[in-house]
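Each chain, written out:
2 protein chains.
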Amino acid sequence: MTDTLVISLDAMGGDSAPQIVVEGAALARERHPDVRFLLYGDETKIAPLLDQHPLLAAVTTVHHTDSLIRNEDKPSTALRSGRDSSMRLAIVEVRDGHAAAVVSAGNTGALMAMAKFVLKTLPGIARPAIAGIIPTARAETAMLDLGANIQCDAENLVQFAVMGEVFARTVLGLERPIIGLLNIGVEDMKGVEAVREAAAILRETRLPIVFKGFIEGNDITAGTVDVVVTDGFTGNVALKTAEGTASMYSGFLKEAFRSSWMSKLGYLFARRSMQNLRTRFDPRRYNGAMLLGLNGIVVKSHGGTDEFGFANAIGVAVDMANHGFIEKMTDDFNSLQAEVNSPKEATG
Amino acid sequence: MTDTLVISLDAMGGDSAPQIVVEGAALARERHPDVRFLLYGDETKIAPLLDQHPLLAAVTTVHHTDSLIRNEDKPSTALRSGRDSSMRLAIVEVRDGHAAAVVSAGNTGALMAMAKFVLKTLPGIARPAIAGIIPTARAETAMLDLGANIQCDAENLVQFAVMGEVFARTVLGLERPIIGLLNIGVEDMKGVEAVREAAAILRETRLPIVFKGFIEGNDITAGTVDVVVTDGFTGNVALKTAEGTASMYSGFLKEAFRSSWMSKLGYLFARRSMQNLRTRFDPRRYNGAMLLGLNGIVVKSHGGTDEFGFANAIGVAVDMANHGFIEKMTDDFNSLQAEVNSPKEATG
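Going down the list, the sequences are from chains A and B. End of the first sequence sits at 347 in numbering that gives the first Met the number 0; the numbers just go up one at a time, nothing left out. End of the second sequence sits at 347 in numbering that gives the first Met the number 0; the numbers just go up one at a time, nothing left out.
The hints are simulated quantities; they were obtained by calculation from the structure and are not laboratory data. Hints may contain errors.
A pair holds if it fits inside one copy or across any two, identical chains being indistinguishable in the list.
Below, simulated DSBU-like cross-link-like pairs (lysine-lysine); rule was C-alpha separation at most 30 Å, straight line [claimed, not checked]:
| # | residue 1 | residue 2 |
| --- | --- | --- |
| 1 | 327 | 119 |
| 2 | 263 | 253 |
| 3 | 253 | 44 |
| 4 | 119 | 189 |
| 5 | 253 | 119 |
| 6 | 211 | 73 |
| 7 | 211 | 327 |
| 8 | 73 | 119 |
| 9 | 73 | 44 |
| 10 | 211 | 44 |
Sequences are here, hints too, so could you generate the full structure?
Shown next, in the form of structure tokens:
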């Protein structure tokens, strides 16, 4: 990749914007020296921050705007009155071909609504979804939807499966990613209708998808599959439950090490291993949720992250752009559409 | 409690039945010396096991039956052909007033169907639910439904809230348990319709319920509330996701301690604290899911548990019986019914 990649940033999204955005971009520049940045936001706040990062400033163009989307804004409000917002203008750069991807740590609902309105969905995709990467006992697993679609029919779930498959193949670099549908049991008759119907379609499809069938909640972190497909309500609850459980466990671990002088001493010896363990679960490492199904790469950073987390979100966007994510997604959905439109040949 | 409590056991339910059932009862007898047991199952297998526990044998009556419910039996099959099964006969003892509660480690779907058919639901309850206890950063939280009802309307969720409240008050011993509805955000407009409607009803109710409002997945293990209310699909996924995450974390912790001689040495010093930590998360401690809403106490043990786990499930049944769970539940549902039937008085 010798071509310069341009990433567009909503400098005003997130709890500590624009500081974490500028500092995150400075870190990302070190890791990806070929990337250039377009920053949208309040120049009076951005300029002094950029002054501290001359190497970043050299590859960055700042576009001033006073308008921004607030965390409490409803998606409809954002769409109506956010025309000049830093978020929308950053997305427009992707639509207009000036940037390969956009990253924002702002309001998720507004970002999804705005990105859908500006970029449109890829042909054949009814609803975009939010995907994330989760650490597992084996490696990493992608999960979608994480909250964009709280009710899903079988067709939505099948589309999520295809989107997740392309994502795992291109960004996670897996040759034949294994897809699982989240359910409350592995038997055919288990679960809600949409899930059972989606499984039936995925079992029959001629698309080259490796479909494992149903998986259960404990399979997510066990790493039983590479892509977990579920509706946005269940996915959001499962993700946050996993995060909450890991955080409870690490709190108890800290407490255990502090509970006696013997265990304090034990910690001194085991410190390096424990630090590695903490790094393994560091939520900043997994920062950067992908809005999949849009005609453009959009990455959502956690609003409360710091510069390390934001730099990782930029890294996700760079990976997706470098791997030609949108082109591969388009190809796969063309095949899916062709299959749906042509009656299946009689077999056997 | 000087009266003798009788607990009825399905001796043939569970992966290692009847062994774990008999040995679990022997352990439970030590903890609850006033309890007597009725055992249903294959006497040729039960008798030699009981011979090894003469103190248990002295307080146990064995009723022989050849028939049993298999794990793979559908609830409808179990209902149709399980009339003489150990599971059904054990439940019948509760209906007939010969036992205060029944415990089974058998097929969950069959147990729920059979218990509902034999015991019926309490007046005012449309659907029974499965409740469990989860360790949290603060203490313990009850969660329901864990899988009995995969789709729920607002009324079901409100009834689960009332059932959970009674459970937390009587069995967990909390004076004013706090109830939360699981959702994907805390704002009023978030989530599916049934959840939003249920919240509206719980906010308005004249029942003396402390309703926190919406909670998110991470709140479950944070212990933000004492009772987590959700549909059986989401609850099942959340519970298993939490279990899976804890198990992944403890696997990584073990690995970290083994990763160098320094950390191995550290483990030696911290061993006692680490053992306490393991005990805190021991799933056997939380074994025993409650089938709530039935006209009788029914406790479901995990099918794969051992005698310690099964003894804990018996302990849950003993607690519920000793605390007059069914009577308190009946009272509360009478109040709820009265409220539903009488139009709310105009206020303010």
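Here's how the hints hold up against the structure:
1. For a Cα distance limit of 30 Å, the shortest separation of residue 327 from residue 119 inside one copy, 17 Å, qualifies, whereas the shortest one across copies, 56 Å, does not.
2. Within a single copy, residue 263 and residue 253 get their C-alpha atoms as close as 10 Å, and across copies as close as 18 Å, so both meet the 30 Å cut-off.
3. Neither within a single protomer nor between protomers do residue 253 and residue 44 lie at most 30 Å apart by alpha-carbon distance, with minima of 39 Å and 47 Å respectively.
4. Taking CA atoms no more than 30 Å apart as the test, residue 119 paired with residue 189 passes between copies only; the shortest distance there is 24 Å, against 35 Å inside one copy.
5. In the homo-oligomer, the alpha carbons of residue 253 and residue 119 never lie at most 30 Å apart, since the shortest distance is 47 Å inside one protomer and 47 Å across protomers.
6. In the homo-oligomer, the alpha carbons of residue 211 and residue 73 lie at most 30 Å apart only across protomers (23 Å), although the nearest pairing inside one protomer, at 38 Å, exceeds that limit.
7. In this homomeric assembly, residue 211 and residue 327 come within 30 Å of each other (Cα to Cα) only inside a single copy, at 22 Å, whereas the closest approach across copies is 46 Å.
8. Proximity of residue 73 and residue 119 under a CA criterion of 30 Å is satisfied intra-copy only: 19 Å inside one chain copy versus 46 Å between copies.
9. Taking the shortest Cα distances, residue 73 and residue 44 sit within 30 Å of each other inside one copy (25 Å), while across copies they are farther apart (64 Å).
10. Taking the shortest alpha-carbon separations for residue 211 and residue 44, neither the intra-copy value of 50 Å nor the inter-copy value of 39 Å comes in at or below 30 Å.
Checked against the numbered hints listed earlier, the structure breaks hints 3, 5, 10; every other hint is satisfied.
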